[in-house]
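**Q** Dock chains P and F against chain B, hints included.
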Amino acid sequence: MSEASKGSQETVTFTLNDREITVPKGTTVMAAARQQDVYIPHFCWHPGLKIAGVCRFCLVKVDNRPKLEIACNLTATPGMKVSSVLPEVKEAHKWALEFHLVNHPLDCPICDQAGECKLQDYYMEVGKYKSEMDRPKVLKPKALEIGSELVLDTERCILCDRCVRFEEEVTKTGALGIFNRGDRAVIGTYPDKKIEHNYQDNLVDICPVGAFTSRDFRFKQRVWFLKEKPAVCPGCSTGCHVDVHAKPQVRTYFRLKPRESEVNGFWMCDKGRKTYKHMNQEQRLRFPLLTEASGVRRRSTVDEALAALAATMLKADKSEVALLVSAAYTCEEYAAFFEFFVRSLGVTNVYQWREPTEDREAFDGLLYRGDHNPNTRGLSEALKAVGLPGEVKDGFEALLRQAPKLVIALGPELAFQFPSLPAQLSRLEQLPFVSLWTIDGAAVSHVGLKHLLPMKGYAEKRGRFLNFAGKVGELADPFPAGSEDARDVVEVVAALSEILAHSL
Amino acid sequence: MAQDKPRIILRTAGLANPRALKTYIEHAEGYTAIKKVLGGAMTREQLIEEVKASGLRGRGGAGFPTGLKWTFVPQSDTGPKYLICNNDESEPGTFKDREICTVNPHQVIEGMVLAAFAIRASKGYIYTRWEFQAEIGYLVEAIKEAYAAGFLGKNILGSGFDFDLDHYTGAGAYICGEETGLISSLEGKKGQPKVKPPFPAVSGYLGRPTIVNNTETLANVPWIVNHGAKEFRQYGTEKSPGSKLFSISGALVRPGVYEVPLGYPFERLIQEECGGYLPGRSLQALIPGGASAPLLTPEEVQGLTLDYEAMAARNTMLGSGAIMIIDDRQVLAELLKVTIEFFAHESCGQCTPCREGTGWLNNIMDGVLDGTAKPGNVELMRTVAKHMGGKTICALSDACAMPVTSYVQKFSGSLQAYLAQATAAGGHVK
Amino acid sequence: MSVFDGGLKAEIEGFLKRYETKRSAILPVLHAIQDVHGWIKPEHIEELHTVYGLDRVHVKEVITFYDIYKDKPVRRFQIRYCKNITCHMLGARPAIARIRAHIAALDAVQGEDGAFSLEEFPCLGKCDGAPVMLVNKERVEHATVDKIDQLLTKYAPTVLR
Numbered sequence: 067m068s069e070a071s072k073g074s075q076e077t078v079t080f081t082l083n084d085r086e087i088t089v090p091k092g093t094t095v096m097a098a099a100r101q102q103d104v105y106i107p108h109f110c111w112h113p114g115l116k117i118a119g120v121c122r123f124c125l126v127k128v129d130n131r132p133k134l135e136i137a138c139n140l141t142a143t144p145g146m147k148v149s150s151v152l153p154e155v156k157e158a159h160k161w162a163l164e165f166h167l168v169n170h171p172l173d174c175p176i177c178d179q180a181g182e183c184k185l186q187d188y189y190m191e192v193g194k195y196k197s198e199m200d201r202p203k204v205l206k207p208k209a210l211e212i213g214s215e216l217v218l219d220t221e222r223c224i225l226c227d228r229c230v231r232f233e234e235e236v237t238k239t240g241a242l243g244i245f246n247r248g249d250r251a252v253i254g255t256y257p258d259k260k261i262e263h264n265y266q267d268n269l270v271d272i273c274p275v276g277a278f279t280s281r282d283f284r285f286k287q288r289v290w291f292l293k294e295k296p297a298v299c300p301g302c303s304t305g306c307h308v309d310v311h312a313k314p315q316v317r318t319y320f321r322l323k324p325r326e327s328e329v330n331g332f333w334m335c336d337k338g339r340k341t342y343k344h345m346n347q348e349q350r351l352r353f354p355l356l357t358e359a360s361g362v363r364r365r366s367t368v369d370e371a372l373a374a375l376a377a378t379m380l381k382a383d384k385s386e387v388a389l390l391v392s393a394a395y396t397c398e399e400y401a402a403f404f405e406f407f408v409r410s411l412g413v414t415n416v417y418q419w420r421e422p423t424e425d426r427e428a429f430d431g432l433l434y435r436g437d438h439n440p441n442t443r444g445l446s447e448a449l450k451a452v453g454l455p456g457e458v459k460d461g462f463e464a465l466l467r468q469a470p471k472l473v474i475a476l477g478p479e480l481a482f483q484f485p486s487l488p489a490q491l492s493r494l495e496q497l498p499f500v501s502l503w504t505i506d507g508a509a510v511s512h513v514g515l516k517h518l519l520p521m522k523g524y525a526e527k528r529g530r531f532l533n534f535a536g537k538v539g540e541l542a543d544p545f546p547a548g549s550e551d552a553r554d555v556v557e558v559v560a561a562l563s564e565i566l567a568h569s570l
Numbered sequence: 266m267a268q269d270k271p272r273i274i275l276r277t278a279g280l281a282n283p284r285a286l287k288t289y290i291e292h293a294e295g296y297t298a299i300k301k302v303l304g305g306a307m308t309r310e311q312l313i314e315e316v317k318a319s320g321l322r323g324r325g326g327a328g329f330p331t332g333l334k335w336t337f338v339p340q341s342d343t344g345p346k347y348l349i350c351n352n353d354e355s356e357p358g359t360f361k362d363r364e365i366c367t368v369n370p371h372q373v374i375e376g377m378v379l380a381a382f383a384i385r386a387s388k389g390y391i392y393t394r395w396e397f398q399a400e401i402g403y404l405v406e407a408i409k410e411a412y413a414a415g416f417l418g419k420n421i422l423g424s425g426f427d428f429d430l431d432h433y434t435g436a437g438a439y440i441c442g443e444e445t446g447l448i449s450s451l452e453g454k455k456g457q458p459k460v461k462p463p464f465p466a467v468s469g470y471l472g473r474p475t476i477v478n479n480t481e482t483l484a485n486v487p488w489i490v491n492h493g494a495k496e497f498r499q500y501g502t503e504k505s506p507g508s509k510l511f512s513i514s515g516a517l518v519r520p521g522v523y524e525v526p527l528g529y530p531f532e533r534l535i536q537e538e539c540g541g542y543l544p545g546r547s548l549q550a551l552i553p554g555g556a557s558a559p560l561l562t563p564e565e566v567q568g569l570t571l572d573y574e575a576m577a578a579r580n581t582m583l584g585s586g587a588i589m590i591i592d593d594r595q596v597l598a599e600l601l602k603v604t605i606e607f608f609a610h611e612s613c614g615q616c617t618p619c620r621e622g623t624g625w626l627n628n629i630m631d632g633v634l635d636g637t638a639k640p641g642n643v644e645l646m647r648t649v650a651k652h653m654g655g656k657t658i659c660a661l662s663d664a665c666a667m668p669v670t671s672y673v674q675k676f677s678g679s680l681q682a683y684l685a686q687a688t689a690a691g692g693h694v695k
Numbered sequence: 116m117s118v119f120d121g122g123l124k125a126e127i128e129g130f131l132k133r134y135e136t137k138r139s140a141i142l143p144v145l146h147a148i149q150d151v152h153g154w155i156k157p158e159h160i161e162e163l164h165t166v167y168g169l170d171r172v173h174v175k176e177v178i179t180f181y182d183i184y185k186d187k188p189v190r191r192f193q194i195r196y197c198k199n200i201t202c203h204m205l206g207a208r209p210a211i212a213r214i215r216a217h218i219a220a221l222d223a224v225q226g227e228d229g230a231f232s233l234e235e236f237p238c239l240g241k242c243d244g245a246p247v248m249l250v251n252k253e254r255v256e257h258a259t260v261d262k263i264d265q266l267l268t269k270y271a272p273t274v275l276r
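Residue numbers (our numbering), protein chains in the order written: chain B, 67 to 570; chain P, 266 to 695; chain F, 116 to 276.
Each hint should be verified, as a subset may be incorrect.
Only pairs whose alpha carbons sit at most 20 angstroms apart, straight line, appear in this in silico PhoX-like list of lysine-lysine [what the hints assert, rightly or not]:
#1 317/P to 160/B
#2 238/B to 337/B
#3 495/P to 461/P
#4 185/F to 238/B
#5 651/P to 196/B
#6 471/B to 381/B
#7 133/B to 287/P
#8 196/B to 639/P
#9 127/B to 651/P
#10 252/F to 187/F
#11 461/P to 127/B
#12 133/B to 156/B
#13 293/B to 238/B
#14 454/P to 252/F
#15 137/F to 454/P
#16 388/P to 185/F
#17 461/P to 91/B
#18 651/P to 156/B
#19 127/B to 156/B
#20 194/B to 651/P
#21 156/F to 259/B
#22 454/P to 419/P
#23 133/B to 454/P
#24 388/P to 203/B
#25 262/F to 454/P
#26 454/P to 238/B
#27 116/B to 461/P
#28 137/F to 124/F
#29 388/P to 252/F
#30 323/B to 340/B
#31 454/P to 116/B
#32 287/P to 301/P
#33 317/P to 301/P
#34 343/B to 286/B
#35 196/B to 260/B
#36 203/B to 287/P
Hints listed in this document are in silico derivations from the structure and should not be mistaken for laboratory results. All values reported here derive from a predicted model rather than from experimental measurement.
So that you can see chain B by itself, here it is in the shape it has in the complex (with noise of 0.2 angstroms):
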């Protein structure tokens, strides 16, 4: 431990399926596979996890030990070989499948796991297709609300113990116990008790089956049909980063995953695997509204819409006019923003739009922290850069004060993290013209805007988030938006340009 601290790493070599790797001294084989890419079948092992060592399915051949050895409790000692391809232990390999399979139910036409399942993905590459047991499988307690997000399945759980270390050493609530002894053993909270934290769909992430469903997901889609796309959650300034699961095809989002990163590990919180929901046809602002002189409102073209706006714009003194920009976009967007409106445009009085109710200091010791904006640190520099203050106080109550004739307002891009956005919407609702530029379907609602811009949400743009550490967020790989009028804020501004330059 010293020897680490003090910079100077001892390294070990050893041969891995006759290939030589390099490792840091007290490094497991499992561990070193995973680096090297290199797939040691197992259930109960988890890099983000302590060692259980109970599914008895990582075994390798070692040196000339008679006895097969798990990979995932093997320290490497130099000049070790190992395997885990040797016929032997692929043998092994299909009995402990085989086992696993003993007592399991054969659930798979109605279990979410199908097509992410360890169990199948295995049957699939150990191939012992056909079992030798046929006699009556024990039962246990099925479809069980053991959390706000989780269904319990105890009778698929295959026992490695992932979702009681997860509860003992990542949450720290110790939530989940494993009862009874042999195959009488069933996982379980004490009776009646609840899970209750704000990271359960982690346990259905490292769930290797479908023992721990999302009951948000639940029946919804089979997940061959789904793509993935990284992402970073917008959920809060931590940015953890993700994987968006979508059915692009019918402009559907499903669900988010974790992606391992050095700022959230492996794991994300529940509030964030809700950034789905926003970008959804039901929930999101499809298309422009417009509300005419004679106060009726309609829906436009998006060249109707900046037409419009442009034309508003022309006849504002740019003392007249606000922004309101929420801390949700990215840099690149401010930038595009700022540089138009503030540089080109001379309009100096901006305006951040925070929940008044937040906390922004707050932290619960894991991902979640108080400041419910992606990109707060990014805001900020945009300010900056543009010559403004990087921080602005009580932004919403100095716009209403302000009572400017024209607001253009970059929306929050998740109402849920927004509870006082109804009240702060309708008391827009009393300005001249308010430009609101928004994902929230929910604004619609407010008939005194009489400008409202669908954008994309974060997952269907490019670009960049500042976390709360000034760490780097990439948005780099977008689904088409959900909705073809949707744009984002570069798009935006980039038209408005175009339309103003041609006017001037």
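**A** Here is chains P and F on its own, set in the frame of chain B:
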């Protein structure tokens, strides 16, 4: 062999008040060994060497060299260390440790003080299974007497050596007889064995260096200290020196616990100590070393001597020295069911091959008894057993697999016949 | 208001101080509770948690793992009859059947107040006295079928003849 019947362990048997401290001191060299060692006549290193030289092997079933095990404790670690007496005695057929507690508990305590001194442990526990209520009482009483006499506690006999001994009662789980299962239980948890490495000698109870020794093993140590390794080796064989308590039961005139030298002829134990089989009964099969030991046929029992090597040569084990006579009136299918059901009931459930394998075997065996199993299922049990071995954290999986294999290997005819009859009858045969 | 009376409370607190960790006390504490109440009630577990900080899940795991702890009401005389190898060979089955018959007859009259319960149990470690049973904490050897009627009446009246 020197003296025929060694009296190393049950030295106070037959005396009035055999358990009393006074009896132990007056009739069994009571606490003279710790006087010798703590008094300085024997150093810690010499003590360990003497026990190593004696060839004393773990008497609980594993047969690991005791002195060698003690050396695995890293002496560079100066923090707390623990010495634990495994008095969980749950291997079916075994009842010798309870005999020691009933007849001569002080010798166990003295053995513990010596072992603790050897590994520099300052705290010890005797872990006894709950079902031994009377025996627990005897031990607690003996511990009290030892404290009162100054053989336990701080600065024992003015030597500067501290050793505190407490009793801890189990709660009905065979797996707590496995040393790391016992440690887990002592920690207030389910008695689930721990993944190794790390080994208990390095990281055991509460992560501290811990040695777990069987009751009988510890009871040997005072005698070895007083009489020396050489005299110990006069009993037994070259590779299995010393004496052993054998628990022998079944259709015998005098079943019981007998202390005989290792290497003692099996037939002699039956005829002399046990008075022969019950009238009209004969041997159908022998379980030589507890429920986990592979069965022996009468042919294999010919010329059998009770030592580790003779057992190994017959592909079975001496184990805890629990001998069970399966007489000719017994139905082997029923005994196999009893055996399998035991392991299925006792599997802690951690490791998949054991949890599912013991359950599966039990399931198949139910089918053999009620006739619902297929004829090929008897042979299938052997296949399942084969894959249960050598794959798990502890040896319970092997302990179930080995007897199953031997039953199917040696008595498959009997099992198949039972199944055929049960199927035809549409229910249990008897 | 504690669910543990004075003596039991003192015992529990004694155990909690006795070992290096509080958790190590779980087994002896549960034994102490059972010695008084016969079984572990939910309110016992609740108090062990709220007053003494013992984790409920840990306690429940221990209760369900070990054979001795009961989380449902028990009868006055709990019979644990060994059904392992030697006891099986020397007459456990007929004796167990006889005991079951007695219990059925008694329960027909006394219902939940029936004096006896029967659990088939793993090896009790006294095979030279086979067949062996435990009645609460007392070991009874040579409990063959012909002796059962007489043995049971030592503890409570029976109705079966």
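**Q** Run every hint past the structure and note whether it holds.
**A** Hints, one by one, checked against the model:
Between the alpha carbons of residue 317/P and residue 160/B the distance comes to roughly 43 angstroms, so the proposed pair goes past 20 angstroms and is violated. The hinted pair formed by residue 238/B and residue 337/B meets the criterion: a straight-line CA distance of about 19 angstroms does not exceed 20 angstroms. Restraint check: the Cα-Cα separation between residue 495/P and residue 461/P comes to about 35 angstroms, which exceeds 20 angstroms; the hinted pair is violated. The straight-line distance between the Cα atoms of residue 185/F and residue 238/B is roughly 28 angstroms, outside the 20 angstroms bound, and the hint therefore fails.
Simply put, residue 651/P and residue 196/B have alpha-carbon atoms about 18 angstroms apart, close enough for the 20 angstroms limit, and the pair holds. Simply put, residue 471/B and residue 381/B have alpha-carbon atoms about 10 angstroms apart, close enough for the 20 angstroms limit, and the pair holds. Our distance criterion of 20 angstroms between C-alpha atoms is broken by residue 133/B and residue 287/P, whose separation comes to about 51 angstroms. Note on residue 196/B and residue 639/P: the hinted pairing holds, with a Cα-Cα distance of about 17 angstroms set against a maximum of 20 angstroms.
Under the criterion of a C-alpha separation no larger than 20 angstroms, the hint pairing residue 127/B with residue 651/P is consistent with the structure, at around 18 angstroms. Among the hinted pairs, residue 252/F with residue 187/F is consistent with the structure: their alpha-carbon atoms are about 19 angstroms apart, no more than 20 angstroms. Pair hint residue 461/P plus residue 127/B holds up; C-alpha atoms about 17 angstroms apart against a cutoff of 20 angstroms. In summary, the hint linking residue 133/B to residue 156/B is supported, as the alpha carbons are separated by about 14 angstroms, within the 20 angstroms threshold.
For the hint linking residue 293/B to residue 238/B, the alpha-carbon distance of about 33 angstroms lies beyond 20 angstroms, and the restraint is violated. Taking the CA atoms of residue 454/P and residue 252/F, the gap is about 23 angstroms. The hint is violated against a cut of 20 angstroms. Distance restraint check for residue 137/F and residue 454/P: the Cα-Cα separation of roughly 11 angstroms lies within the 20 angstroms cut-off, and the hinted pair is therefore satisfied. Our distance criterion of 20 angstroms between C-alpha atoms is broken by residue 388/P and residue 185/F, whose separation comes to about 31 angstroms.
Annotation: proposed proximity of residue 461/P to residue 91/B holds, straight-line Cα distance about 19 angstroms (limit 20 angstroms). For the proposed pair residue 651/P and residue 156/B, the alpha carbon gap of about 15 angstroms is at most 20 angstroms, so the pair holds. A C-alpha spacing of about 10 angstroms is found between residue 127/B and residue 156/B, which places the hinted pair at or below 20 angstroms, so the restraint holds. Our distance criterion of 20 angstroms between C-alpha atoms is met by residue 194/B and residue 651/P, whose separation comes to about 16 angstroms.
Note on residue 156/F and residue 259/B: the hinted pairing holds, with a Cα-Cα distance of about 16 angstroms set against a maximum of 20 angstroms. Under the criterion of a C-alpha separation no larger than 20 angstroms, the hint pairing residue 454/P with residue 419/P is inconsistent with the structure, at around 29 angstroms. Using a Cα cut-off of 20 angstroms, the hinted pair residue 133/B and residue 454/P is violated, with the two alpha carbons roughly 29 angstroms apart. For the suggested pair residue 388/P and residue 203/B, the alpha carbons sit about 46 angstroms apart, so the restraint of at most 20 angstroms is broken.
In summary, the hint linking residue 262/F to residue 454/P is not supported, as the alpha carbons are separated by about 39 angstroms, beyond the 20 angstroms threshold. Using a Cα cut-off of 20 angstroms, the hinted pair residue 454/P and residue 238/B holds, with the two alpha carbons roughly 18 angstroms apart. For the hint linking residue 116/B to residue 461/P, the alpha-carbon distance of about 14 angstroms falls within 20 angstroms, and the restraint holds. For a cut-off of 20 angstroms, the pair hint linking residue 137/F to residue 124/F stands: about 15 angstroms separates their Cα positions.
Between residue 388/P and residue 252/F the alpha-carbon distance is near 29 angstroms, which puts this suggested pair outside the 20 angstroms criterion. A distance of roughly 11 angstroms separates the Cα atoms of residue 323/B and residue 340/B; the hinted pair therefore holds under the 20 angstroms criterion. The hinted pair formed by residue 454/P and residue 116/B meets the criterion: a straight-line CA distance of about 18 angstroms does not exceed 20 angstroms. For the given pair, residue 287/P sits about 19 angstroms from residue 301/P by alpha-carbon distance, which is consistent with the 20 angstroms threshold.
This hinted pair checks out: residue 317/P and residue 301/P have alpha carbons roughly 18 angstroms apart, not beyond 20 angstroms. Restraint check for residue 343/B and residue 286/B: the C-alpha separation of about 13 angstroms stays at or below 20 angstroms, so the hint holds. At most 20 angstroms may separate the alpha-carbon atoms for a hinted pair to count; residue 196/B and residue 260/B exceed this at roughly 39 angstroms. Restraint check for residue 203/B and residue 287/P: the C-alpha separation of about 59 angstroms exceeds 20 angstroms, so the hint is violated.
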